[in-house]
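Here is how the chains run, residue by residue.
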Amino acid sequence: MDQGLGGLLRAVRLRHRRQVLLARAVHRRRHLAVVADRSAAIRPGDILGFLCVRNEAERLPFLLAHHRKLGVCHFLIVDNASTDGTCELLSAQTDVSLWQTGASYKASRFGMDWLTWLMLRHGHGHWCLTLDADEILIYPHWQTRSLRALTDWLDTQGQVGLGALTVDLYPQGPVSGYDDAGGDPLARLQWFDSGNYQVQVQPRMQNLWIQGGARARAFFADQPRRAPTLNKIPLVRWHWRYAYVNSTHALLPARLNRAYATDGGMLTSGVLLHTKFLPGIIDRSAEEKLRGEHFGDGAQYASYYDRLTADPVLHCAASTRYTGWRQLEALGLMSRGGWV
Amino acid sequence: MTLGVVMLCHTALDRAAQVARHWAVNGCPVVIHLDRRVPDSDQKALVAALADLPDIRFSPRVACEWGTFGLVEATILAATQMLADLPGVGHVYLASGSCLPIRRVSDLQDHLAAHPDTDFIESVTTADVGWTVGGLNKERFTLRFPFAWKRQRRLFDGYVTLQRLLRFQRRIPDGLVPHLGSQWWCLTRRSLTAILSHPDRGRIDRYFRRVWIPDESYFQTLIRQVGARVESRSLTLSKFDFQGRPHVFYDDHLHLLRHSPAYVARKIWPEADLLYRTFLSDEANSLPTPNAGKIDRLFAKAVERRTKGRPGLFMQSRFPAKGRGGNVSAAPYGIFAGFSALFDGFQPWLARANDARAHGHLFARDRVEFASNEAVFKGGLSDSAPLRDYNPRSFLTNLIWNTRGETQCFLFGPGDVQDIASFVATDPNARIFIISGAFAVPFWRSGLTVAEVRAHIARLQKVEADLLALLDQPETKAKVRVWTLAEFLENPAEPLEAIVDELNPRAPDRTGALPRILPLTGFGAFLQELRNQGMQPVLMGDFPADFDTSAESQPLSSPQKTG
Numbered sequence: 016m017d018q019g020l021g022g023l024l025r026a027v028r029l030r031h032r033r034q035v036l037l038a039r040a041v042h043r044r045r046h047l048a049v050v051a052d053r054s055a056a057i058r059p060g061d062i063l064g065f066l067c068v069r070n071e072a073e074r075l076p077f078l079l080a081h082h083r084k085l086g087v088c089h090f091l092i093v094d095n096a097s098t099d100g101t102c103e104l105l106s107a108q109t110d111v112s113l114w115q116t117g118a119s120y121k122a123s124r125f126g127m128d129w130l131t132w133l134m135l136r137h138g139h140g141h142w143c144l145t146l147d148a149d150e151i152l153i154y155p156h157w158q159t160r161s162l163r164a165l166t167d168w169l170d171t172q173g174q175v176g177l178g179a180l181t182v183d184l185y186p187q188g189p190v191s192g193y194d195d196a197g198g199d200p201l202a203r204l205q206w207f208d209s210g211n212y213q214v215q216v217q218p219r220m221q222n223l224w225i226q227g228g229a230r231a232r233a234f235f236a237d238q239p240r241r242a243p244t245l246n247k248i249p250l251v252r253w254h255w256r257y258a259y260v261n262s263t264h265a266l267l268p269a270r271l272n273r274a275y276a277t278d279g280g281m282l283t284s285g286v287l288l289h290t291k292f293l294p295g296i297i298d299r300s301a302e303e304k305l306r307g308e309h310f311g312d313g314a315q316y317a318s319y320y321d322r323l324t325a326d327p328v329l330h331c332a333a334s335t336r337y338t339g340w341r342q343l344e345a346l347g348l349m350s351r352g353g354w355v
Numbered sequence: 040m041t042l043g044v045v046m047l048c049h050t051a052l053d054r055a056a057q058v059a060r061h062w063a064v065n066g067c068p069v070v071i072h073l074d075r076r077v078p079d080s081d082q083k084a085l086v087a088a089l090a091d092l093p094d095i096r097f098s099p100r101v102a103c104e105w106g107t108f109g110l111v112e113a114t115i116l117a118a119t120q121m122l123a124d125l126p127g128v129g130h131v132y133l134a135s136g137s138c139l140p141i142r143r144v145s146d147l148q149d150h151l152a153a154h155p156d157t158d159f160i161e162s163v164t165t166a167d168v169g170w171t172v173g174g175l176n177k178e179r180f181t182l183r184f185p186f187a188w189k190r191q192r193r194l195f196d197g198y199v200t201l202q203r204l205l206r207f208q209r210r211i212p213d214g215l216v217p218h219l220g221s222q223w224w225c226l227t228r229r230s231l232t233a234i235l236s237h238p239d240r241g242r243i244d245r246y247f248r249r250v251w252i253p254d255e256s257y258f259q260t261l262i263r264q265v266g267a268r269v270e271s272r273s274l275t276l277s278k279f280d281f282q283g284r285p286h287v288f289y290d291d292h293l294h295l296l297r298h299s300p301a302y303v304a305r306k307i308w309p310e311a312d313l314l315y316r317t318f319l320s321d322e323a324n325s326l327p328t329p330n331a332g333k334i335d336r337l338f339a340k341a342v343e344r345r346t347k348g349r350p351g352l353f354m355q356s357r358f359p360a361k362g363r364g365g366n367v368s369a370a371p372y373g374i375f376a377g378f379s380a381l382f383d384g385f386q387p388w389l390a391r392a393n394d395a396r397a398h399g400h401l402f403a404r405d406r407v408e409f410a411s412n413e414a415v416f417k418g419g420l421s422d423s424a425p426l427r428d429y430n431p432r433s434f435l436t437n438l439i440w441n442t443r444g445e446t447q448c449f450l451f452g453p454g455d456v457q458d459i460a461s462f463v464a465t466d467p468n469a470r471i472f473i474i475s476g477a478f479a480v481p482f483w484r485s486g487l488t489v490a491e492v493r494a495h496i497a498r499l500q501k502v503e504a505d506l507l508a509l510l511d512q513p514e515t516k517a518k519v520r521v522w523t524l525a526e527f528l529e530n531p532a533e534p535l536e537a538i539v540d541e542l543n544p545r546a547p548d549r550t551g552a553l554p555r556i557l558p559l560t561g562f563g564a565f566l567q568e569l570r571n572q573g574m575q576p577v578l579m580g581d582f583p584a585d586f587d588t589s590a591e592s593q594p595l596s597s598p599q600k601t602g
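Chains A and B are the protein sequences, given in the same order.
Letter by letter, the first sequence follows residues 16 to 355 of my numbering.
Letter by letter, the second sequence follows residues 40 to 602 of my numbering.
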């Protein structure tokens with residue numbers, strides 16, 4: 016694959032791209048105004064969480080509690096001009112360092128420039144978990160084994176990152192069907208698509224490209240190529256030289272994208288339970304359509320937003336009710352790999 | 040005589056202290072060796088934490104880098120101290136800081152008291168050992184290993200390669216027969232004393248300083264020198280992954296560990312509160328009957344999962360390359376081309392006779408024809424043609440994966456989207472049955488004139504010829520049966536029997552009702568008319584122009600019945 020002159024050229028180009036990403040991140044650090052910097056409390060070996068959020072006051076308490084319990088020691092969060100009290104909520108947490116910015120989310124690579132800076136500055140040598148506010152990481156044995164047990168296992172395996180599939184969870188009826196009072200989103204979003212994920216490898220960076228799930232089925236049946244990317248590598252033993260290229264879907268250097276086995280075996284992987292389809296999505300989609308901050312080519316996704324705003328029903332007879340990680344493993348959506 | 044425990048510690052010292060206390064309180068004196076690389080402040084804390092227990096001693100410290108002689112040296116130092124200071128010790132148990140006794144200490148003491156002269160140490164000759172990983176087996180003893188495997192991997196590997204290239208061989212000292220085995224042993228005072236006071240020890244130690252991972256071979260080899268009564272098994276449960284790295288036990292292994300016949304387990308996750316709490320409690324544990332097989336199976340399964348995966352599953356952490364299972368689906372499935380054009384009720388027969396799910400044309404151009412015409416099939420597969428065609432391979436492997444336990448069959452033809460053909464051709468699970476040329480029958484039956492359908496038939500014939508050529512390639516792994524239309528009609532019952540043999544060999548009822556073949560009287564003339572108009576129908580075989588199917592228009596009976 017990476018042989019010959021072509022491979023060399025590609026390596027040089029990717030290296031350049033990574034340097035540009037890092038330079039951008041260093042430059043964009045000026046966007047960030049510190050609200051609460053408690054990063055002095057970070058100890059060597061701590062597992063760190065990175066987030067970029069906007070108006071997520073409802074989801075954050077659960078998100079923080081879940082990942083705190085798994086063993087994230089410190090959260091480094093960028094608040095992109097929230098108006099719903101997110102900032103106050105976060106700055107009150109003793110294990111959160113918070114920065115604020117009013118700059119454009121889209122122009123900052125959907126927040127990745129800011130997070131890359133924070134990771135460059137604080138993440139080096141740590142296992143870093145980068146999430147969206149509507150993602151909940153689970154992995155094999157997560158109820159009984161901490162994230163540190165997992166990262167320790169990955170370290171012994173020489174695995175630098177953990178791959179995780181984003182699984183869209185949805186309610187049984189229309190998405191507006193449940194009251195949106197915060198708390199455990201999994202109590203309300205219990206259904207998912209178990210076996211309609213399309214997998215391919217993108218040759219340039221050797222990363223997987225997985226699409227499918229409920230959103231592809233319900234919203235992108237006519238233009239599947241535009242369906243959301245579901246593969247992520249959210250947990251990485253970070254080095255300041257690393258950079259996420261596109262959300263947490265792909266990384267540079269490209270070797271980090273090999274979070275999958277090509278020899279027929281299986282590596283350990285997890286799942287990001289995606290809690291996007293809470294009732295708030297209806298108003299939010301209307302707003303996002305106007306802001307146009309979420310996709311490179313926003314116009315292409317207008318109908319997607321329209322359908323989200325129209326209170327869709329994602330549940331169908333073929334939907335599966337979520338019961339736990341063992342079920343997801345049996346269905347082949349995550350794997351213990353060799354982890355006993 | 041009592042049991043003494045040597046503990047080699049380097050991390051999680053609070054847990055090590057807890058375990059040392061447990062041993063000591065239960066009447067086992069302990070000598071702790073602490074890795075030289077551990078900060079002195081941590082040592083002080085450990086010493087202070089155990090200061091109330093006179094039976095816990097600390098040996099002089101050396102650095103214990105993995106794979107080097109330091110570990111053996113540490114063991115020797117601590118064991119020497121134990122034998123010298125504690126004359127009452129009859130057996131010495133070597134453990135690490137992350138070992139945890141998983142049965143009552145008194146059980147172990149009783150066991151050793153019953154076998155006062157037995158050394159429990161795994162000791163296997165290099166020729167017989169099956170668990171070393173990475174090819175270094177005998178070579179552990181015949182090459183030199185001056186570089187640290189963990190820190191200087193390139194130098195390590197390079198130097199090994201160089202020595203192999205130069206055919207360099209160290210001479211194994213006279214009389215030594217290399218043996219390997221688990222690092223964790225339990226030796227009698229007599230054997231241990233004999234090893235430590237071996238007349239040739241200086242020379243032997245010099246030799247072992249350059250042996251790879253000597254902690255798995257030093258005592259294991261020397262025990263064979265001192266004429267001991269060896270029981271070649273370790274009393275410590277430790278499991279390794281397929282690359283030889285130790286597995287860790289967590290809280291959720293409690294049940295498993297209780298089934299182990301071993302007395303001590305390694306390695307224990309330092310945060311496994313439940314394990315430490317349970318096994319270090321004073322309450323007498325009533326243990327279930329040991330079942331080592333259960334543990335072995337679990338770990339063997341993990342190795343299989345890691346190295347072989349689950350065939351037919353393509354996911355986040357498994358995407359095999361082509362030669363490694365990238366073209367294999369999860370289970371056998373049937374593809375049928377041409378059958379539905381000839382038979383009335385072919386799909387129901389297919390489903391019934393093969394105990395299978397019989398889909399329509401899954402790869403039809405306009406939409407996916409699932410068996411019961413569902414809009415969304417099992418697992419959330421959509422009937423959208425664009426979604427399917429975006430990644431046909433994922434579509435098919437998902438379908439087969441989602442329906443494990445139920446054979447899938449579907450119709451295929453030259454009118455369908457053909458992109459999946461290259462995948463199914465190389466998939467050993469594909470069973471492909473083709474009646475070539477049968478695609479023309481519906482055109483004839485449609486009542487359109489030859490002039491109207493000629494171009495269509497010519498195009499589809501080309502498509503089908505391409506498919507047949509693809510299936511004829513040497514790299515084809517699918518099981519393919521092709522009949523020309525003419526061949527097929529000579530005895531239609533036999534191919535149908537062949538299908539059942541292939542897809543449902545244990546079908547209870549072979550002679551059940553076969554589907555009804557549709558009348559073909561006049562089709563021969565239709566083909567002749569095609570020829571007359573300048574198109575050459577070749578895939579149908581040698582189809583007689585005056586073919587009359589009045590006989591075949593009856594329900595078919597199977598050969599057994601007619602014969």
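FYI, nobody ran anything at the bench for these hints, they're computed from the structure.
There may be inaccurate statements among the hints.
What the hints assert, rightly or not - A partial selection of chain A residues facing chain B, derived with a Cβ cut-off under 8 angstroms:
| # | residue |
| --- | --- |
| 1 | Ala179 |
| 2 | Asp208 |
| 3 | Val214 |
| 4 | Gln215 |
| 5 | Pro218 |
| 6 | Ile225 |
| 7 | Pro239 |
| 8 | Ala274 |
| 9 | Pro294 |
| 10 | Gly295 |
| 11 | Asp298 |
| 12 | Ser334 |
The beta carbon of each residue, even a glycine, is placed where N, CA and C say it ideally should be.
Let's test the interface hint: is any C-beta of chain B closer than 8 angstroms to that of Pro239 (chain A)? holds (4 angstroms)
Let's test the interface hint: is any C-beta of chain B closer than 8 angstroms to that of Asp298 (chain A)? Result: violated, 27 angstroms to nearest chain B Cβ.
Given Ala274 (chain A) was flagged as interface, is its beta-carbon under 8 angstroms from a beta-carbon of chain B? holds (6 angstroms)
Would the hint on Val214 (chain A) stand, with a C-beta cut-off of 8 angstroms toward chain B? holds (5 angstroms)
Hint check, Gln215 (chain A) versus chain B [nearest Cβ-Cβ separation less than 8 angstroms]: holds (6 angstroms)
Would the stated hint for Pro294 (chain A) survive a check requiring a Cβ distance to chain B of less than 8 angstroms? Since chain B brings no Cβ nearer than about 22 angstroms to Pro294 (chain A), farther than 8 angstroms, the hint is violated.
Status of the hint placing Gly295 (chain A) at chain B (closest C-beta pair under 8 angstroms): Gly295 (chain A) check fails; min Cβ-Cβ to chain B is 24 angstroms, beyond 8 angstroms.
Restraint outcome when Ala179 (chain A) is required to lie within 8 angstroms of chain B by C-beta distance: holds (7 angstroms)
Was the hint right that Pro218 (chain A) lines chain B, CB cutoff 8 angstroms? violated (13 angstroms)
With 8 angstroms as the cut and Cβ atoms as the points, is Asp208 (chain A) at the interface with chain B? holds (3 angstroms)
Can you verify the interface hint for Ser334 (chain A): is its Cβ closer than 8 angstroms to any Cβ in chain B? Because about 7 angstroms separates Ser334 (chain A) from the closest Cβ in chain B, which is inside the 8 angstroms limit, the hint holds.
Status of the hint placing Ile225 (chain A) at chain B (closest C-beta pair under 8 angstroms): Hint holds; Ile225 (chain A) Cβ to chain B Cβ min 7 angstroms, cut 8 angstroms.
When the structure is compared with the earlier hints, violations turn up for hints 5, 9, 10 and 11 and for no others.
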